[in-house]
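Residue numbers (the numbering used here), protein chains in the order written: chain A, 7 to 235; chain B, -7 to 629; chain C, 4 to 259.
These are computed hints drawn from the structure, not numbers from a lab. Quantities reported herein were computed from a predicted structural model and do not represent experimental measurements. Hints are not guaranteed to be accurate.
Said to hold, decoys possible - A few chain C residues that don't get close to chain B, going by computed Cβ distances all over 10 Å:
#1 M4
#2 L6
#3 G20
#4 E45
#5 C66
#6 R92
#7 G131
#8 K150
#9 D211
#10 K249
Unchecked claim - Below, a list of computed lysine to aspartate or glutamate pairs in the DMTMM-like style, where the Cα atoms sit at most 20 Å apart:
#11 B:K480 x C:E49
#12 B:K547 x C:E45
#13 A:K112 x C:E99
#14 A:K202 x C:E52
#15 A:K112 x C:E45
#16 B:K547 x C:D96
#17 B:K547 x C:E151
Here a beta-carbon is modelled for each residue, glycine too, at the ideal position from N, C-alpha and C.
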Amino acid sequence: MRRVATLYRTTVGKKVLMAVSGVVLFSFVFAHMLGNLKMLFPASDGHFAMDVYAEYLREIGYPLLPHGGVLWIARLVLLAAVGTHIWSALQLAQLSRAARPSGYQKEDSLSLSYASRTMRWGGVILLLFVIYHLLHFTTGQAHSSFVAGAVHQNYVNAFQDPGIFLVYLIAQTALCFHLYHGAWSFFQTLGLSHPKYNHLRRPFAAGFAFVVFVGFLMPPTLVLAGVIS
Amino acid sequence: MELHSNIPSGPIADKWDKHRFDMKLVNPANKRKYDVIIVGTGLAGASAAATMSELGYNVKVFTYHDSPRRAHSIAAQGGINAAKNYQGDGDSVFRLFYDTVKGGDFRSREANVYRLAQLSVNIIDQAVAQGVPFAREYGGLLANRSFGGAQVSRTFYARGQTGQQLLLGAYQALERQIHDGSVEISTRHEMMDVIVVDGVARGIVTRDMVSGTIQSFTADAVVLATGGYSNVFFLSTNAKYCNVTATWRAARRGAGFANPCYTQIHPTCIPPSGDYQSKLTLMSESLRNDGRIWVPKHKDDARGARDIPEDERDYYLERFYPSFGNLSPRDIASRRAKEMVDSGHGVGEMKNGVYLDFNDAIGRLGQDAVSERYGNLFAMYEKITGENPYETPMRIYPAPHYTMGGLWVDYDLMTNVPGLFAIGEANFSDHGANRLGASALMQGLADGYFVVPLTIGNYLARITKNPIPTDHAAVKDTEAEVKSRLDKLMSVNGSRTVDSFHIELGRLMWNACGMERSKEGLEDALRRIPQLREEFWRDVRVPGSASNLNQSLEKAGRVADFMEFAEVMCHDALTRDESCGAHYRVEHVTEDGEARRDDENFAHASVWEFNGVGEAPSLHKEDLVFDNVQLSTRSYK
Amino acid sequence: MRLTLHVWRQQGPNDQGRLERYEANDVSEHMSFLEMLDVINERLTEDGEEPIAFEHDCREGICGSCGMMINGVPHGPKTMTTACQLHMRSFKDGDEIWIEPWRATAFPVIKDLVVDRSGFDRIIQSGGYVSVRTGSAPDGNAIPIPKEDADAAFDAATCIGCGACVAACPNASAMLFTSAKVAHLGLVPQGQTERWDRVRGMVETHDDEGFGNCTNHGACQEACPKGISLDYIAQLNRDLIKATLKAKPVGAGKDA
């Protein structure tokens, strides 16, 4: 632990924490996206594929663990990752402000990509979205016709509203940019570099972000278009 | 002024060894009791500071830069010579020694040059151990290239940035000692004068360039590693800050200034493009390995380089010097280029250059190989001129570059003022009347790493330690002189800028004491310099205040010293009534247009003693004895 | 050509500072950017004003002295080019040019465009060297180094310490500078013995000096006049993680 603390004291260490918590969140986002693709599968035995999948998530590990045990562990891990991610972001932002208190009169953002410049505000947007998203699909307060356990139904009802679709579109766009810079940044920060593969890191980050973007938005688009009901 | 060169007796190959044994040593435990001041942090200064502090001396280092890494050694491009004979092409310590003495046109001190050649091999080892990334062959061993004036391949290099890499090595060694607390560094401190107490150098007066504070530092010995004075010409390849102040201030305090007229003109620089030109950029001489120099055969040929057919080009160096060709020594290559331009064969918009063409090399080796060797130089050329040298030949012209003259020193690199040492380009010792390419880095590092750290002990072990308090009368007097000079510069408040004076002095010196010198020209210069100096002190304008960062004031002090120094330079050039190496008197020329030496009357170093501003300096001579190299006429035909 | 300049003027470290407007007429396209400033300074001096203080020395792009923000970009619009090698042909008649000093807590302004970059020296002091006493070196060819390693080390070692990376970075991080030295010495066999201590020491000083953290924007790489690669920062990160997590207690020997 002492060594981890030593590492954390450096600016690089804070970034490492950011990267590691980021990876946890990446993995979650990716798994979540795969799960959502269940919306595309046909119902069988009168059960929607999505509902079966949702029920399965509660049953993982049973009977070794109680119902929903793994889900809660995952939630705790995610919460810790989100907390760490935000905490490091705050720390790093504070360091940046201290290192560069006044900017230039004439600004030119040079090579700063849109993705890298919007990491902080993009992060804030994502945080707000996550809160809304939980209230929307998990606890239901933000949902007009929420029925606990009827995941498929809730999903379809929600995305038939173009307004809701727009909110998710904005959030997914922000996520896409965040993932793009985040994924590339992750390689840099953890020092995962090799002259042979370095040129693949940016395309990989872009590809990953794009796949997540398309994967998340395909089902809602089909709902809006009336293909899924 | 008494000059004792203190050359050890015995065969030349044994002198340094013998001397190392004969020298008095300072006990390791006592070394920390001695304070040494080093001024300048180029190759010589940084390496000397690092090494002396490793040995245990208390070292104080001064630089006018914001960091020791900015010293002008950083700009050396081509390489560093060493008699390693890694190529097995017949090189040896003796051959490097011989080439250097011959290249210097028999005006250097044999014993010093031999020691330099001996130490050259240690420098490479030292630099490699520091992690200096020299060029390597595919087998992982060090690569070499050849350089002007030599027929063996003995030049080690790091692409075109050898000076940078070697300086960073020395700089890092210095920073390590600073971290250990054994070197105290003062950056942005300019040395304004040497403190001499009872004829012995005991410290320096500095100006803090940020606060303007004048402060004295005392020590048991002072080492000047302050480089050369090419900027007396205003336009030169030297960095803008390079100046003669430190060595000239020492000369004013009694140190002899040797051979000031030996100034080297570098053959491959980018020609000026207009009146605003602030400095000239050097293109490494290594380019001459693969580039061919030519001019159009017809005068005032207005065609583009590629439109001039092969048989209408004059590859004049290859024509004049079939065996050395484009690799003939610097002075010869420079003069021939001037001759071509003067006779109307110049190229470029201002007709002020000659071509250096890589077309054949690209055809022979391929563009990749050429780019591997010279890529950064080509890129630099393109940045400055907007022309692509892979397509059109480079335009080059000679420019002042290095000064072989400097403070007179003995074998121990000590000036005639006890306790005052001079190393690197600041001294006169090794290059005679002309320096070979890739030898400046070698000398700076030999002096700094291997010579002065030992020989300074030989001095310190002989003196009785008596600390000088900073309120000593001599210290206070020197400080007062520095202050009153600065006050005077601030108070003239005339109408002309410092640069305008510097440009005028530079033109005057370039015409009278540049690539070619004549009796009439020099006598005329000796009349005009005092007039210009008088006008300077009457009409210069230095804006701002002396108590904060004031770059005009810094420049003014340096130009004021150039105004005094230029006169000694012309005296030296006038008195040396012969041609030798880079000193080319139009009166002494062979039928082929080569320099004609007069060994009977001028086989000596001319050492000048300062007698006051406006007073003629007195000449002292150190006779040069050649026991190991046969005096001969240089022939590169 | 004619240009309008807005130049940052600041008397000293405690002065507020402000942009001043200057008209530059008769600028030749062959002038370097610094020569253009020289011409302005000559005029200011003749008019009895203080010339603009800016750092410069070699004027051939290697000493690292010069450096200023030109229209919000360190060293100006031309890539791989220091301010001293930037020529006015990169601008056109009628252009307005903003010239400001590097801005970073770790680089306080001394006067006008001159800043204090001594933090860089202190980073080097904390490990940017190989500890080898003069005279103790083995033969230069005793340790062969594969050409590609030597070349890669050289690429990292070409850093000129100008500070453009810090100036460009939105976090004023000096990671590119620090990593260039860590990588240079980490790529040659001579640098291995102190490799882990070096990276720990240099990063610690980097942070203490008040430089910010790297958020992988890559602006430093774009601004670097020597083309130092961002990959070296990844290498530094890897070395630091390794060095810190594997650290042995003090006294357990240098090699972590």
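(message) For each hint given before, does the structure comply? Return the numbers of the non-compliant ones in rising order.
(response) 4, 5, 6, 7, 8, 14, 15, 16 and 17
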